[in-house]
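There are 2 protein chains.
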Amino acid sequence: MTFSLKDRLDASAAATEARLALALADAALPGERLRPERLMAAMRHGALGGGKRLRPFLVIESAALFGIPADQAVTAATAIECIHCYSLVHDDLPAMDDDDLRRGRPTVHRAFDEATAILAGDGLLTLAFDLLAGEDAHPDPAVRIALVRALARASGIGGMVGGQMLDLAAEGRFSGGTPLALAEDAIRDLQAMKTGALLAVSVEAGALLGGATADERAALLAYGRALGAAFQIADDILDVEGTAEEVGKKVGKDAAAGKATLVSRLGLPAARTLLDRLVADASAALAPFGARGAVLAEAALFVANRRN
Amino acid sequence: MTFSLKDRLDASAAATEARLALALADAALPGERLRPERLMAAMRHGALGGGKRLRPFLVIESAALFGIPADQAVTAATAIECIHCYSLVHDDLPAMDDDDLRRGRPTVHRAFDEATAILAGDGLLTLAFDLLAGEDAHPDPAVRIALVRALARASGIGGMVGGQMLDLAAEGRFSGGTPLALAEDAIRDLQAMKTGALLAVSVEAGALLGGATADERAALLAYGRALGAAFQIADDILDVEGTAEEVGKKVGKDAAAGKATLVSRLGLPAARTLLDRLVADASAALAPFGARGAVLAEAALFVANRRN
Chain H
1 MTFSLKDRLD ASAAATEARL ALALADAALP GERLRPERLM AAMRHGALGG
51 GKRLRPFLVI ESAALFGIPA DQAVTAATAI ECIHCYSLVH DDLPAMDDDD
101 LRRGRPTVHR AFDEATAILA GDGLLTLAFD LLAGEDAHPD PAVRIALVRA
151 LARASGIGGM VGGQMLDLAA EGRFSGGTPL ALAEDAIRDL QAMKTGALLA
201 VSVEAGALLG GATADERAAL LAYGRALGAA FQIADDILDV EGTAEEVGKK
251 VGKDAAAGKA TLVSRLGLPA ARTLLDRLVA DASAALAPFG ARGAVLAEAA
301 LFVANRRN
Chain A
1 MTFSLKDRLD ASAAATEARL ALALADAALP GERLRPERLM AAMRHGALGG
51 GKRLRPFLVI ESAALFGIPA DQAVTAATAI ECIHCYSLVH DDLPAMDDDD
101 LRRGRPTVHR AFDEATAILA GDGLLTLAFD LLAGEDAHPD PAVRIALVRA
151 LARASGIGGM VGGQMLDLAA EGRFSGGTPL ALAEDAIRDL QAMKTGALLA
201 VSVEAGALLG GATADERAAL LAYGRALGAA FQIADDILDV EGTAEEVGKK
251 VGKDAAAGKA TLVSRLGLPA ARTLLDRLVA DASAALAPFG ARGAVLAEAA
301 LFVANRRN
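Heads up: the sequence lines are chains H and A, in that order. Everything in the first sequence is counted per the UniProt record's numbering, starting at 1 for the first residue and increasing by one. Everything in the second sequence is counted per the UniProt record's numbering, starting at 1 for the first residue and increasing by one.
This is chain H alone, in the form it adopts within the complex:
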């Protein structure tokens, strides 16, 4: 290997952090009247200074397969990170998962208050589409609007938002409190929507930015879906094996809630086997890109073996 994955992760994280900070500056943009100070502080708390920035990395590295420089992919990457961050802010709310800690810091509603956290999430979600609409996302309006469509589908009703709905239902929230005994397929649907869709659309965005052929786009989507599934299984394994200190949030939550995951359904050894197979599938999907696919293949391994 002639590259360091850590260096590349760090580089895309730094570029994303800078673009996010610019997007969350205090000065109002054309079409805005003013930016309320408390709202901006809450949005910055929820979006800046933390996170692996895995989704931006996937956008930037997928675009790089087509020769697109990082500075031309970072705006779309930042838009997707805004969606990820808003989902964390809303999922952490007392009415949802009721978490006090995120990335080792107080969640937005703990650092501010519930109303502010709801609005900060709404603001980040809206900002994502604002970012995609600007010329710095891509010079061609047709590419920008394709990004809007792909991101809306991945993060809305039939994607991330729907996945969180299924997750709350799985906990038994709407059926008397007893967790649902979901079949393996239903767990896969839930996870593909809740976390997989946004990871998959990240590589799809890279394909759109790079003007990929239909075959290349399909290959990247297959990679993204395998990576997304691997990510969630790794997360479920960490919830069983990790410590709060490592992970930066509460662990053991799934078991405590009696929640159906692929780990609880298949058992730890079978879940590990499945995880290995998904990593292999992800790498295999990258075959059309030859040696250029090495960074994304290494990223799949990283996602499967991460400790936080």
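Hints were generated in silico from the structure; no laboratory data involved. All values reported here derive from a predicted model rather than from experimental measurement. It is possible that part of the hints are untrue.
One side only, chain A facing chain H, incomplete, derived with CB under 7 Å [stated by the list, open to error]:
#: 1; residue: Arg33
#: 2; residue: Ala115
#: 3; residue: Asp122
#: 4; residue: Ser155
#: 5; residue: Asp189
#: 6; residue: Ala192
Pairwise CB distance ranges (calculated) [stated by the list, open to error]:
#: 7; chain 1: A; residue 1: Asn308; chain 2: H; residue 2: Gly211; range: 47 to 55 Å
#: 8; chain 1: H; residue 1: Glu241; chain 2: A; residue 2: Gly211; range: 54 to 62 Å
#: 9; chain 1: H; residue 1: Arg306; chain 2: A; residue 2: Gly67; range: 54 to 62 Å
Sample of chain A residues facing chain H (criterion: CB under 8 Å; computed from the structure) [said to hold, decoys possible]:
#: 10; residue: Ala28
#: 11; residue: Leu29
#: 12; residue: Leu34
#: 13; residue: Pro36
#: 14; residue: Met96
#: 15; residue: Ile118
#: 16; residue: Ala142
#: 17; residue: Ala150
#: 18; residue: Ala152
#: 19; residue: Gly156
#: 20; residue: Leu166
#: 21; residue: Leu168
#: 22; residue: Phe174
Backbone N, C-alpha and C fix where the C-beta goes; we use that ideal spot for every residue, glycine too.
Position chain A relative to chain H; hints supplied.
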């Protein structure tokens, strides 16, 4: 007058209702995995079967100034209505305005639960941008992406979301509970953001759909801003003078909360005078459109005199 405003309001409301129902159908679209039943039911509860559909009317009638038929403007109109409906669902939440009643029916978190209401709002917000991304919104991607940009700016940090933040702050929510004694300018900022921005972007959307010149777009924006300000003053007057039965939601809330409005700041007679002036300003802004501007001019009168 050779038209009936009521008939035109009814026609755009019916077209919007039909487009919304289609967008909120149970079947998953390409790029979606499945649409969870409870989420769809909550989104339909929050979006269908109620409301004046004033914003869609403004989109459709503004586009009509440029000869655009209603069926070519209804998708963008529906996108803006999705934003309006999501804002109501989130604003009604216990952590925000804590309302039990909306349009004479239980609010979404009362009919379902808080978590579902948060997700239904997130879903509607995301759906708005999905709708704008489709070819039925407009055949030209450049127009569609301009709509995305305008709507994101009007509804985000420096628009509607920011306005709700300022509104909560004005109630004294973050300063010990005593309502802030806002100056007239600060009240105008708050109202222009909280309700004015989305009304103004509705007519701006019509201008974008119609390929308006810069002058025509500026004229429509001036109309939209005057209309938005008039709408909010009429709302504040209704909160003082209306009954819950007429209005379909609690009244007397502003006075009970000691909230600064232009009515409380200026007194009822001066607020009425200002309202009349805004209606005149709105009509005057339509001068470039000659007789074709009559429907929108009549709409400004309607907004000022409405009882619900």
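Q. So which of the earlier hints does this model not fit?
A. none
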